[in-house]
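As you go down the protein sequences, you meet chains A and B in turn.
When you line the first sequence up against this note's numbering, it's residues 1 to 294, in that order.
When you line the second sequence up against this note's numbering, it's residues 1001 to 1422, in that order.
Please note that the accuracy of each hint is not assured.
Now the stretches of chain A that chain B is said to cover, found in silico as 3 or more residues with beta-carbon under 8 Å [said to hold, decoys possible]:
(1) 40–49
(2) 83–94
(3) 123–130
(4) 139–152
(5) 175–182
(6) 256–267
In silico DSSO-like links for lysine-lysine, alpha-carbon gap of 27 Å or less [stated by the list, open to error]:
(7) B:Lys1321 x A:Lys43
(8) A:Lys43 x B:Lys1297
(9) A:Lys226 x B:Lys1422
(10) A:Lys43 x B:Lys1345
(11) B:Lys1160 x B:Lys1138
(12) B:Lys1358 x B:Lys1328
(13) B:Lys1290 x B:Lys1182
(14) B:Lys1328 x B:Lys1160
(15) B:Lys1225 x A:Lys43
(16) B:Lys1345 x B:Lys1225
(17) B:Lys1297 x B:Lys1422
(18) B:Lys1290 x B:Lys1060
Simulated from the structure, these hints should not be mistaken for laboratory data.
C-beta atoms are modelled at their ideal positions from N, C-alpha and C, and glycine is treated no differently.
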Amino acid sequence: MSRRRWVSTVFLAPALLIYTLLHIAPFLGTIALSLFQYNGLTKPAPVGLANYTSMLASDAFWQALANNLVWFFGEVVVATLVGLGLALLINARPRLATLFRTTLFIPYILSWAVAGMLWSRILNPAPTYGMLNAFLHAVGLESWAMNWLGDARTALPSVILAAIWKGFGFSMIIFLAGLQGIPAELVEAARIDGAGSTKVLWHVTLPLLRPITSIVIVLGLIGTFKVFDPVWVMTQGGPGNASSLLAILVFREGMNNFQLGYSAALSVALFVCTAVVMALYWRFLGRSRVVEDD
Amino acid sequence: MERLLARRTLLALAGLGGLGGSALLAGCGSDAGGDGATTINFWSYYEAAARGATFADLAKQYETDNPGVTINLNLAPQNFNTVLRTAMLSDDRPEFLGLTQYNMRDFANAGLLTDVVSVLDDAGISSDIYPAAVEAGKINGTLYGIADALRFGMWFYNPKALDAAGGTQPTTYDELAATAEKLRAQKKYPILFGLKDLSSASNSFQVFVPAFIGLTATLAAAEAKDYTGQAFVDALTMYRTMVDDGILDASDTGMAASDAQALLASGDAAMYPSASYSIGTLVDLNPDFKAFDEPVKLTPNPVATYWGGAGQMYCVTAGTKAEAAARKLLTWWVKPEQLGVQVEKSGLVSSLKSANQKIPANSLAAFAAGNLDKVDPEGLFYNNYVPSSHAEAWGRAIQEVVSKAKTAEQAIETTIQPAVAK
Chain A
1 MSRRRWVSTV
11 FLAPALLIYT
21 LLHIAPFLGT
31 IALSLFQYNG
41 LTKPAPVGLA
51 NYTSMLASDA
61 FWQALANNLV
71 WFFGEVVVAT
81 LVGLGLALLI
91 NARPRLATLF
101 RTTLFIPYIL
111 SWAVAGMLWS
121 RILNPAPTYG
131 MLNAFLHAVG
141 LESWAMNWLG
151 DARTALPSVI
161 LAAIWKGFGF
171 SMIIFLAGLQ
181 GIPAELVEAA
191 RIDGAGSTKV
201 LWHVTLPLLR
211 PITSIVIVLG
221 LIGTFKVFDP
231 VWVMTQGGPG
241 NASSLLAILV
251 FREGMNNFQL
261 GYSAALSVAL
271 FVCTAVVMAL
281 YWRFLGRSRV
291 VEDD
Chain B
1001 MERLLARRTL
1011 LALAGLGGLG
1021 GSALLAGCGS
1031 DAGGDGATTI
1041 NFWSYYEAAA
1051 RGATFADLAK
1061 QYETDNPGVT
1071 INLNLAPQNF
1081 NTVLRTAMLS
1091 DDRPEFLGLT
1101 QYNMRDFANA
1111 GLLTDVVSVL
1121 DDAGISSDIY
1131 PAAVEAGKIN
1141 GTLYGIADAL
1151 RFGMWFYNPK
1161 ALDAAGGTQP
1171 TTYDELAATA
1181 EKLRAQKKYP
1191 ILFGLKDLSS
1201 ASNSFQVFVP
1211 AFIGLTATLA
1221 AAEAKDYTGQ
1231 AFVDALTMYR
1241 TMVDDGILDA
1251 SDTGMAASDA
1261 QALLASGDAA
1271 MYPSASYSIG
1281 TLVDLNPDFK
1291 AFDEPVKLTP
1301 NPVATYWGGA
1311 GQMYCVTAGT
1321 KAEAAARKLL
1331 TWWVKPEQLG
1341 VQVEKSGLVS
1351 SLKSANQKIP
1361 ANSLAAFAAG
1371 NLDKVDPEGL
1381 FYNNYVPSSH
1391 AEAWGRAIQE
1401 VVSKAKTAEQ
1411 AIETTIQPAV
1421 AK
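Assemble the whole structure, with the sequences as input and the hints as a guide.
What follows is the structure in structure tokens.
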């Protein structure tokens, strides 16, 4: 081994050791734990793949997985589109841009503990408490008033609505940065060639925003499978399992029910889901971008 | 050379730091030893806001009476069960515990708790304590915990709200439905539980279990992990029937327990079937709260009419350096004088007959204490003996039935059974 390589190995070793201890070892430990039944107190009992078969036979697991997909299309996609729309508006109207940018970004910096309580109060079913139902009563739309967080049909969409409100500020800021990086000459050239606003948007702005869009979507995809706090604060996954996500199931089984082996199996499933989605993304979108870049 | 020395100095300092840190950590242990000083770590699931001041006063008094003893109170930290379970597996276990019954059972089965039967005689409470409180602390014949309180099932009501609907206490299900209709006409909620919170949802099941199932069958089902019996379907169906009859509102599943209690206190809701542990919270919100003289008979021939349960179990951790000191503290803590202080300050219905004499007459706590003897063995529902995963599954099933997402049969088959089978 050359001296140069030896030195680089020595310098990398501490970081590699820490990474192994803090990431790889727990990950392998989680996989091993998923093959045991363990309540945190008594000796773990090996159960083979029983935790996985229980998981695959569980309605709660499939419902949570479906809810994760709904979350992606409902929250990530919509919040991205809203963020893009607002970024385009703010970019087109520089006047008061700072005020709008700051105001619209504020929900993103709130903690979910605060935002969740706020939305729980807005969506409280009692008209004397819930602002939304109180408003509907006040304008004569009593029949529209609902048990937003307690009805299996509306619980998840209600949490997603709150998450869109809280999350679009992030994509808006990223898109704004992207928009400000588009050379003005390109837009001017398109306009000289006779392109209207819509054509400029479709043929100049949006294509140039594609790398930024990719970043926002990738971060959203990864985040989708990690979502925990909004649901936990607002519904705890209920009523029943109607708004449960995979991360909620992992926490509930591990920390509330002390089914640590089963919780580990769910964690492995969560990892597999994230890995599959990321692989698909890079297979279809990542490659096309590389080809274009070439 | 200078650099080499600097490295050596650094290593020496790091070594000294490590030794110093180890010594510091060792000093944090329960028993410093040598000078006779003893530290007892006391963890309780009671929240600091509810009992904290009383516990702190009692701990201070004990420290004064026993020089050299320090009591570290840790009241209901975030994720109490998880944190406690982790601590109990470490070498730094809390020595004195206030537990739910299911935690007590799990810890006892793992060999983490010690037999405390001698404390009954040492504290002089053998003939003073209610037999039910002793039974609640036994697992396979060994006494692992001493209950601080007994609970009595109560139907609370807001007199202002109920008076507006005629003021008559319903005694049967049909009368309850008729009262609910009058309350609905006044745009009031007849009954609220706050079922959004799983603890409220699973606790509310206690109201229905005695009538339809009773204690024996419930414990047998928990042991067999089989809740498919018709009595369980009937108990769960009762929620749906109450929604259909306008007694319980489907919106209850979207309401937090605190919101439901606030609506009850304001008179926007009228009735709150619960237990004596709710007395303190409700009276703080509205001192006018009252309880029905008799519980509503939800079914013509209930398995048990009255129900009760045990409160916090005081336990001593086995095999710690301060085990003897913790046992001594337990002996002092469960005497009538100490439990009496809690009775006076927090509306607790004590597990000791003599301590309950300190309850103010004509109070809700006095009503509960005076009726404890009505709770026959079949009606003493050890809810906390049912594993927490079972209780949570029941809570979810109740949410599903009340929000009309599933029928009782579907909820048992798809929510309860898969959860308890693991």
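**Prompt:** In terms of beta carbon proximity below 8 Å, does the region 40–49 of chain A have 3 or more residues touching chain B?
**Reply:** Holds, because 3 residues of the region 40–49 of chain A bring their Cβ atoms closer than 8 Å to Cβ atoms of chain B.
**Request:** Take a quick look at whether Lys226 of chain A and Lys1422 of chain B sit within 27 Å of each other, Cα to Cα.
**Result:** holds (24 Å)
**Prompt:** Does Lys1422 of chain B lie within 27 Å of Lys1297 of chain B when you go C-alpha to C-alpha?
**Reply:** violated (35 Å)
**Prompt:** Is the hinted pair Lys43 of chain A and Lys1345 of chain B satisfied, with a Cα-Cα distance of at most 27 Å?
**Reply:** violated (42 Å)
**Asked** In terms of beta carbon proximity below 8 Å, does the region 256–267 of chain A have 3 or more residues touching chain B?
**Response** holds (count 5)
**Prompt:** Straight-line Cα separation of Lys1358 of chain B and Lys1328 of chain B no greater than 27 Å?
**Reply:** Within the cut-off at roughly 25 Å; holds.
**Coverage assertion for the region 83–94 of chain A with respect to chain B, Cβ distance below 8 Å, three residues required** = violated (count 0)
**Prompt:** Given as covered by chain B, does the region 139–152 of chain A meet the bar of three residues or more with CB within less than 8 Å?
**Reply:** With 6 residues close enough to chain B, the hint holds.
**Item:** Given pair status - Lys1225 of chain B, Lys1345 of chain B, alpha carbons within 27 Å
**Value:** violated (40 Å)
**Item:** Check of the region 123–130 of chain A against chain B for coverage (Cβ-Cβ below 8 Å, three residues minimum)
**Value:** n = 6 at 8 Å, threshold three: holds.
**Item:** Distance restraint between Lys1321 of chain B and Lys43 of chain A, which requires alpha-carbon spacing of 27 Å or less
**Value:** holds (24 Å)
**Asked** CA of Lys1160 of chain B to CA of Lys1138 of chain B, is that 27 Å or under?
**Response** Between Lys1160 of chain B and Lys1138 of chain B the Cα gap is close to 43 Å, so the pair fails against 27 Å, i.e. violated.
Violation of the numbered hints given earlier is confined to hints 2, 5, 8, 10, 11, 14, 16, 17 and 18; the remaining hints are satisfied by the structure.
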